[in-house]
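Below, each chain spelled out in residue letters.
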Amino acid sequence: MREVEGIKRRTFNLHNLKKPNRKAGGKKGRRRLRAFLFFLLPSLAGVTLFVLLPFLDVINRSFRTAVTGDFMGIKNYSVIFHNQAFLLAVKNTARFTVVCIPLLVLVGLLVAFPLSVMKEAGLIKSVYLFPLAMPTATIVLVWKMVFYRQGFLNLFLTRLGEWTGLWGSVSIDYLGTGASFWVLVASYLWKNTGYTVVLWLAGILAIPNEFLEAAKVDGAGRWKCIRYIILPNLKGSFYTIVILSFLNSFKIYREAYLVAGSYPQEDIYLLQHLFNNWFVNMEFDKMAAAAVCVGVVLFGAIMLLQRFWDWAE
Amino acid sequence: MQKIQKRIYHIIKKYVTVALLLLPAVLICFPLLLLLTGSVMDSLEMKAYLFPAFGGGEGFIQWKLMPDYPTFEHFGRLLFQTPSFFVLFWNSVKLVACILIGQMIVGVPAAWAFAAYQVRGSRALFALYVVLMLLPFQVTMLSSYLVLDRLSLMNTHAAIILPAVFSTFPIFLAYGGFRALPPQLFEAARIDGAGELRIFVTIGLPLGKSGILSALVLGFLEYWNLMEQPLAFLEDKALWPLSLYLPEISWLQAGFALCASLITLIPAAFVFVLGQDYLEQGIIYSGLKE
Numbered sequence: 001m002r003e004v005e006g007i008k009r010r011t012f013n014l015h016n017l018k019k020p021n022r023k024a025g026g027k028k029g030r031r032r033l034r035a036f037l038f039f040l041l042p043s044l045a046g047v048t049l050f051v052l053l054p055f056l057d058v059i060n061r062s063f064r065t066a067v068t069g070d071f072m073g074i075k076n077y078s079v080i081f082h083n084q085a086f087l088l089a090v091k092n093t094a095r096f097t098v099v100c101i102p103l104l105v106l107v108g109l110l111v112a113f114p115l116s117v118m119k120e121a122g123l124i125k126s127v128y129l130f131p132l133a134m135p136t137a138t139i140v141l142v143w144k145m146v147f148y149r150q151g152f153l154n155l156f157l158t159r160l161g162e163w164t165g166l167w168g169s170v171s172i173d174y175l176g177t178g179a180s181f182w183v184l185v186a187s188y189l190w191k192n193t194g195y196t197v198v199l200w201l202a203g204i205l206a207i208p209n210e211f212l213e214a215a216k217v218d219g220a221g222r223w224k225c226i227r228y229i230i231l232p233n234l235k236g237s238f239y240t241i242v243i244l245s246f247l248n249s250f251k252i253y254r255e256a257y258l259v260a261g262s263y264p265q266e267d268i269y270l271l272q273h274l275f276n277n278w279f280v281n282m283e284f285d286k287m288a289a290a291a292v293c294v295g296v297v298l299f300g301a302i303m304l305l306q307r308f309w310d311w312a313e
Numbered sequence: 314m315q316k317i318q319k320r321i322y323h324i325i326k327k328y329v330t331v332a333l334l335l336l337p338a339v340l341i342c343f344p345l346l347l348l349l350t351g352s353v354m355d356s357l358e359m360k361a362y363l364f365p366a367f368g369g370g371e372g373f374i375q376w377k378l379m380p381d382y383p384t385f386e387h388f389g390r391l392l393f394q395t396p397s398f399f400v401l402f403w404n405s406v407k408l409v410a411c412i413l414i415g416q417m418i419v420g421v422p423a424a425w426a427f428a429a430y431q432v433r434g435s436r437a438l439f440a441l442y443v444v445l446m447l448l449p450f451q452v453t454m455l456s457s458y459l460v461l462d463r464l465s466l467m468n469t470h471a472a473i474i475l476p477a478v479f480s481t482f483p484i485f486l487a488y489g490g491f492r493a494l495p496p497q498l499f500e501a502a503r504i505d506g507a508g509e510l511r512i513f514v515t516i517g518l519p520l521g522k523s524g525i526l527s528a529l530v531l532g533f534l535e536y537w538n539l540m541e542q543p544l545a546f547l548e549d550k551a552l553w554p555l556s557l558y559l560p561e562i563s564w565l566q567a568g569f570a571l572c573a574s575l576i577t578l579i580p581a582a583f584v585f586v587l588g589q590d591y592l593e594q595g596i597i598y599s600g601l602k603e
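From first to last, the protein sequence lines stand for chains A and B.
For the first sequence, the numbering used here begins at 1 and goes up steadily by one.
For the second sequence, the numbering used here begins at 314 and goes up steadily by one.
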């Protein structure tokens with residue numbers, strides 16, 4: 001196995017192979033800067049106007065009162081950190097993220113491995129990608145049909161119980177109890193598995209066959225190949241999958257809102273619900289402070305992920 | 314003998330794997346099945362089936378894969394007797410078209426700038442763009458509201474279109490496509506005397522089009538289902554997109570709702586089938602680390 005580890009140590013990483021040095025100084029550099037600005041300026045102007053400047057305004061507002069605009073220092077921040085709704089929403093959002101992202105990453109990988117050596121991969125992949133095209137409103141109607149107390153899931157479970165004789169009639173209220181959290185998790189997985197599978201597949205298929213061949217010649221079995229060749233080369237995909245899962249985990253709010261409205265069962269009361277309610281009630285001071293907190297946490301998380309990724313290189 | 318056994322074992326293993334992968338796939342497609350059958354089901358029949366779950370009746374929800382009285386009444390009602398449906402449908406089309414065209418005009422050159430020219434600070438700026446992409450809408454909702462209010466764009470379609478045009482997600486996708494091109498190509502063109510704009514139009518756009526097209530497809534799917542922005546910025550219901558029409562229908566009109574859902578799904582599915590190859594490409598591109 002020493003050969004395999006040799007391959008590992010040299011880290012055949014695709015991203016290392018392509019790093020052209022495009023920097024140059026002097027006249028050429030000025031020309032480059034001019035072209036760069038020429039192409040970027042429209043976007044930069046729009047992003048500044050519609051995202052950056054207002055965000056600075058929000059930071060400013062987070063230190064002031066909602067109506068009169070008097071300076072209050074960090075009072076808004078101390079208010080939200082004693083606000084029950086805020087703490088609940090943070091707890092639920094964090095719980096959702098911590099449960100869903102590892103689950104999605106793992107499920108995607110487990111589906112992608114067998115698919116990577118299969119000819120029928122195309123068709124199966126398409127089916128997994130399908131939920132991406134489904135309108136949210138439609139999903140919600142179907143979810144109600146499935147998860148209401150007398151819906152399809154309980155019907156199925158009851159019939160299964162009758163058939164096996166193990167249990168009687170099942171009547172769980174999935175949307176009105178703590179189970180609603182898991183309904184949300186299920187719909188997140190349902191919607192995003194396809195995306196993740198395709199990403200993992202792309203990463204696996206981008207590994208040059210020679211590495212695997214070489215490892216096989218040296219007597220590495222399938223598991224050794226996965227452990228020493230495939231997984232180390234998937235670090236780049238891993239980084240992006242986590243970021244995109246993060247991005248998509250915020251979108252689950254749509255389903256939660258449409259199924260249960262502004263004040264859902266307390267286990268699925270997410271940060272976005274809270275922001276929306278504050279927005280409707282014009283409690284802009286709390287909202288601004290919370291928005292700054294979310295921005296800071298998000299920025300920190302991404303930097304940490306980036307740092308971790310650079311370190312793993 | 315052993316050889317045959319081994320072969321049989323292999324075939325069994327293969328089919329078991331396919332079955333294991335197809336089973337969740339079938340579950341995934343279950344909603345589509347409900348849509349297809351429900352949209353041609355008679356209202357009374359549907360009401361009888363759904364009454365237990367939605368109306369508080371006894372027993373369980375029911376369904377039939379082949380309705381007893383198949384009918385196209387919902388399609389007829391929706392397409393010929395519901396003018397508001399068309400208003401919202403065209404609102405959606407208008408919003409999506411304007412957003413995507415705007416994104417192409419603004420975002421694609423920006424992606425090109427990041428991919429083709431490395432100047433001091435461009436990497437940090439790109440990182441900032443990625444962070445902005447990740448901020449959920451609700452975090453910037455207040456900010457956007459204030460700006461749109463100051464520009465007196467509230468309650469107009471521009472309030473949805475303009476911020477979406479400057480979303481950084483298409484830049485992220487198109488960047489991947491441009492980044493995959495070898496920089497020597499641009500150098501060669503430069504030596505031959507081509508200007509920067511010419512390089513972008515004649516080399517960058519044709520060769521990086523898969524990234525751009527995937528940004529279009531993913532963008533379409535995203536904005537066709539737009540929800541939070543119109544809900545927050547459009548008070549006038551006549552301006553709403555189709556994605557907000559559907560949730561308004563009660564279960565008593567479930568057949569009608571499923572039919573409307575099906576029609577909403579058609580353009581998305583069409584774009585999806587057409588663009589699937591590019592979509593996968595796009596997902597792959599967004600998977601490349603810079």
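Any given hint could turn out to be false.
Below, a list of computed lysine-lysine pairs in the DSS-like style, where the Cα atoms sit at most 27 Å apart [as the list claims (entries may be wrong)]: (1) B:K522 <-> B:K407; (2) A:K224 <-> B:K377; (3) A:K144 <-> B:K407; (4) A:K144 <-> A:K91; (5) B:K319 <-> A:K251; (6) A:K251 <-> A:K235; (7) B:K327 <-> A:K144; (8) B:K319 <-> A:K216; (9) A:K224 <-> A:K235.
Keep in mind that the hints were calculated from the coordinates and are not lab data.
Taking the hints in turn, this is what the structure says about them:
Among the hinted pairs, K522 (chain B) with K407 (chain B) is consistent with the structure: their alpha-carbon atoms are about 24 Å apart, no more than 27 Å. Taken as a hint, the K224 (chain A) and K377 (chain B) pair is broken in the structure, with Cα atoms around 50 Å apart against an allowance of 27 Å. Our distance criterion of 27 Å between C-alpha atoms is broken by K144 (chain A) and K407 (chain B), whose separation comes to about 30 Å. Only pairs whose Cα atoms come within 27 Å are accepted, and K144 (chain A) paired with K91 (chain A) is accepted, the gap being roughly 25 Å.
In summary, the hint linking K319 (chain B) to K251 (chain A) is not supported, as the alpha carbons are separated by about 48 Å, beyond the 27 Å threshold. Restraint check for K251 (chain A) and K235 (chain A): the C-alpha separation of about 25 Å stays at or below 27 Å, so the hint holds. With a C-alpha separation of about 36 Å, the suggested pairing of K327 (chain B) with K144 (chain A) is violated against the 27 Å cut-off. Between K319 (chain B) and K216 (chain A), the direct Cα distance comes to roughly 21 Å. Compliance with the 27 Å bound is thereby established for this hinted pair.
For the given pair, K224 (chain A) sits about 17 Å from K235 (chain A) by alpha-carbon distance, which is consistent with the 27 Å threshold.
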